[in-house]
Amino acid sequence: MTAISVRDLTKSYDGVEAVRGISFDVAAGEVFGLLGPNGAGKTTTVEVLEGYRQRDGGEVEVLGYDPGRAERGFRERIGVVLQSSELWPGLTVRELHRIFAGYYEQPRDVDETIDLVGLAHKRDARLKTLSGGQKRRIDLGLALVGDPELVFLDEPTTGFDPAARRNAWELVRSLRGLGKTVLLTTHYLDEAQQLADRVAVLVAGEIVRIGRPSELTASSKAEIRYREGGELRVVETDEPTQLLHELTAAALAEGRELDGLEVRRATLEDVYLDLVDEGGP
Amino acid sequence: MKRVPVRLYLHQLRTEQLVFWRNRESAFFIFAFPVMLFLLLGSLYGDDRTDEGYAGTAVLLAGMLGYGAANTGFAGLAITLVVRREYGILKRIRSTPLPAATYFAAALTSTLLVFALQALVLFGLGRLLYDTELPGRPLSLAFLVVFGAAAFAGIGIGTSALIRSAEGSSAVVNFILLPMAFLSGSFGGRDYPRVLEAIADVLPLKYFIDLLRDVYLEQESPWSNPGSLAVVAAWGLGGLVLAFRRFGWEPRER
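For the record, the sequence lines run as chains R and B. The letter at position 186 of the first sequence is residue 186 when you use this note's numbering, and the numbering goes up by one with no holes. The letter at position 84 of the second sequence is residue 84 when you use this note's numbering, and the numbering goes up by one with no holes.
Since the hints were made in silico from the structure, they are not lab data. From the three backbone atoms N, C-alpha and C, an ideal C-beta is built for every residue, glycine too. Among these hints, one or two may not hold up.
Quick partial rundown of chain R residues pointing at chain B, CB under 10 Å, derived from the structure [stated by the list, open to error]: (1) Gly-64; (2) Asp-66; (3) Gly-68; (4) Gly-73; (5) Gly-79; (6) Gln-83; (7) Trp-88; (8) Gly-90; (9) Phe-100; (10) Gly-102; (11) Tyr-103; (12) Leu-142; (13) Ala-163; (14) Leu-232; (15) Val-234; (16) Asp-238.
Listing some non-contacts, in silico: residues in chain B with all C-beta distances to chain R over 12 Å [said to hold, decoys possible]: (17) Asn-23; (18) Leu-98; (19) Ser-170.
Dumping the calculated SDA-like pairs for lysine to any residue here, alpha-carbon to alpha-carbon at most 20 Å [claimed, not checked]: (20) R:Lys-128 x B:Phe-31; (21) R:Lys-128 x B:Arg-22; (22) R:Lys-128 x B:Pro-226; (23) R:Lys-135 x B:Ile-93; (24) R:Lys-128 x R:Arg-98; (25) R:Lys-128 x R:Glu-86; (26) R:Lys-135 x B:Arg-22; (27) R:Lys-128 x B:Ile-89; (28) R:Lys-128 x B:Trp-21.
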């Protein structure tokens, strides 16, 4: 089943094309990553799908709805975590969840939702006493308390320290366990690699690559590096096993060491940086 | 399905009340501050009588009701909406099934509730401490109070669309509110130079206070002064028109 279907979506602001005719599908239950540098059109795309922005052109269907019409039935079934958003500092974790649960016809149990995002011990704490990471958990809790089928996460870990990022990743993985469809935007490659089933790389308003994180790197060549007479040698090859065997056999025969020997395959980062360079202005 | 908006409305009204009373600044500046001013100024006026022969404290009470309506409806609502917009709270609420109309209806009712409570406290304290009279036409006065608070709320919603930052909202709003309150006679006399009087003549608060004096001091019907009613209503509608054109749910800054 398809949760999100986008065909030839375009959107401009003041004559500047932010999104230039992109198409992709997201299956129900899939975690889909929109990856790209700042200003690539990720947030614009997501905000069209969330119903915040009207598209200029193309077809968009989310859970069978046209998000541009902003129907209540549509909002009953989505959960949104915004990039940055604050709430009333004097209210407790539970009060905030209760308020948002009340907006939906069939919400999740409030306490269960608080447990799910790992704030059970802070249930009665006021928002102003919580850390940044804990506040982000509330953002997720409030997006989940309506029991949505589809969750939008716009740069969920931007500004996090490494430990907080890992915690946030665990939370996103737990969404998959709940069977939710997740659309995630990020400019962190490792985040997309860690979390997403499929990734679309968005550069300057266009999708330059789409596929599983492993597929994005599979086509690239391996690279063998070593030092010979103090000089660095770099060889690219499609057959690293064969080449490595020849190199090491020759070195063994001569009784010398291959200094700094290294075999690496392009990471998603290399592929991504290449794509961003090519697609960029 | 028809019943859902009613449930949502009551839920949001409870939310608004919880948020209002939990926030000490809003509870103090919006609710308690006008009451404090009334106590202070009232003790200053003592047994003074105005030229028209009314008890000074009774005239003050009418003025404070006017100030309270503008403070709660205009200042309170404008600041609340700007802060919520800039914090991203409005945007977040927009993604939920809560309809926009329900949100505004609840915010408006909540404002009216706060002001109605304030009016009761003002009349009660006036009666206890300054021997002011209870209103002779309570229903007319209740109508007027709700009418005025709603009109100022309309202006407040409209004004929120013109203010860009949360930090500046309180300063901007009070820069309008306090001079208007002084010039309109909220705190006593109105004997200002012509130029300043001319400013008060175009603002709604003076007309609203006139109406309050008519009904409270003179026991007149609010309809006996349709011109003043029309001015207040026009300002409220003007605010709503501005809101319809310019109101936004998303942060302007950042």
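Status of each hint after checking the structure:
1. Contact between Gly-64 of chain R and chain B, as hinted, is not supported at the beta carbon level, the nearest pair being about 16 Å apart and thus beyond 10 Å.
2. Given the 10 Å rule on beta carbons, the hint for Asp-66 of chain R is violated: about 16 Å separates it from the nearest Cβ of chain B.
3. The restraint placing Gly-68 of chain R at the interface with chain B is violated, with a minimum CB-CB distance near 14 Å, outside the 10 Å limit.
4. Evaluation of the Gly-73 of chain R hint against chain B yields a held restraint, the C-beta minimum of about 8 Å falling below 10 Å.
5. Annotation: interface hint on Gly-79 of chain R holds; nearest CB of chain B at approximately 8 Å, less than 10 Å.
6. With a least beta-carbon distance of about 9 Å to chain B, the hint placing Gln-83 of chain R at the interface is held under the 10 Å criterion.
7. For the restraint placing Trp-88 of chain R at the interface with chain B, the shortest Cβ-Cβ distance is roughly 5 Å, inside the 10 Å limit, so the hint holds.
8. The interface hint given for Gly-90 of chain R holds, since its Cβ lies 4 Å from the closest Cβ of chain B, which is under the 10 Å cut-off.
9. For the restraint placing Phe-100 of chain R at the interface with chain B, the shortest Cβ-Cβ distance is roughly 7 Å, inside the 10 Å limit, so the hint holds.
10. Look at Gly-102 of chain R: its Cβ gets to within about 4 Å of chain B, closer than 10 Å, so that hint holds up.
11. Annotation: Tyr-103 of chain R was flagged as interfacial toward chain B, and the flag holds, the nearest CB pair being 4 Å apart, inside 10 Å.
12. The beta carbon of Leu-142 of chain R comes within 7 Å of a beta carbon in chain B, closer than 10 Å, and the hint placing it at the interface holds.
13. Taking 10 Å as the C-beta contact cut-off toward chain B, the hint placing Ala-163 of chain R at the interface is violated, the least distance being around 25 Å.
14. At a threshold of 10 Å, the smallest CB-CB gap from Leu-232 of chain R to chain B is about 46 Å, leaving the interface hint violated.
15. With 10 Å as the threshold, the beta carbon of Val-234 of chain R stays out of range of chain B, its nearest partner Cβ sitting at about 44 Å, so the hint is violated.
16. This hint is violated: Asp-238 of chain R has a C-beta 48 Å from the nearest C-beta of chain B, more than the 10 Å allowed.
17. The claim that Asn-23 of chain B lies off the interface is violated: its Cβ sits roughly 6 Å from the closest Cβ of chain R, which falls inside the 12 Å cut-off.
18. Chain R draws Leu-98 of chain B into its interface by the beta-carbon criterion, the shortest separation being 5 Å against a cut-off of 12 Å.
19. Non-interface status of Ser-170 of chain B relative to chain R is upheld: no Cβ of that chain comes within 12 Å, the nearest being about 16 Å off.
20. For the hint linking Lys-128 of chain R to Phe-31 of chain B, the alpha-carbon distance of about 23 Å lies beyond 20 Å, and the restraint is violated.
21. Between the alpha carbons of Lys-128 of chain R and Arg-22 of chain B the distance comes to roughly 13 Å, so the proposed pair stays at or under 20 Å and holds.
22. Between the alpha carbons of Lys-128 of chain R and Pro-226 of chain B the distance comes to roughly 49 Å, so the proposed pair goes past 20 Å and is violated.
23. Our distance criterion of 20 Å between C-alpha atoms is met by Lys-135 of chain R and Ile-93 of chain B, whose separation comes to about 17 Å.
24. Distance check on the hinted pair: Lys-128 of chain R and Arg-98 of chain R sit about 17 Å apart at the alpha-carbon level, within 20 Å; holds.
25. For the given pair, Lys-128 of chain R sits about 10 Å from Glu-86 of chain R by alpha-carbon distance, which is consistent with the 20 Å threshold.
26. At roughly 19 Å between alpha-carbon atoms, Lys-135 of chain R and Arg-22 of chain B fall within 20 Å of each other, so this suggested pair holds.
27. A hinted pair counts as satisfied when its Cα atoms are at most 20 Å apart, and Lys-128 of chain R with Ile-89 of chain B qualifies at roughly 15 Å.
28. Note on Lys-128 of chain R and Trp-21 of chain B: the hinted pairing holds, with a Cα-Cα distance of about 16 Å set against a maximum of 20 Å.
The structure shown violates the earlier hints numbered 1, 2, 3, 13, 14, 15, 16, 17, 18, 20, 22.
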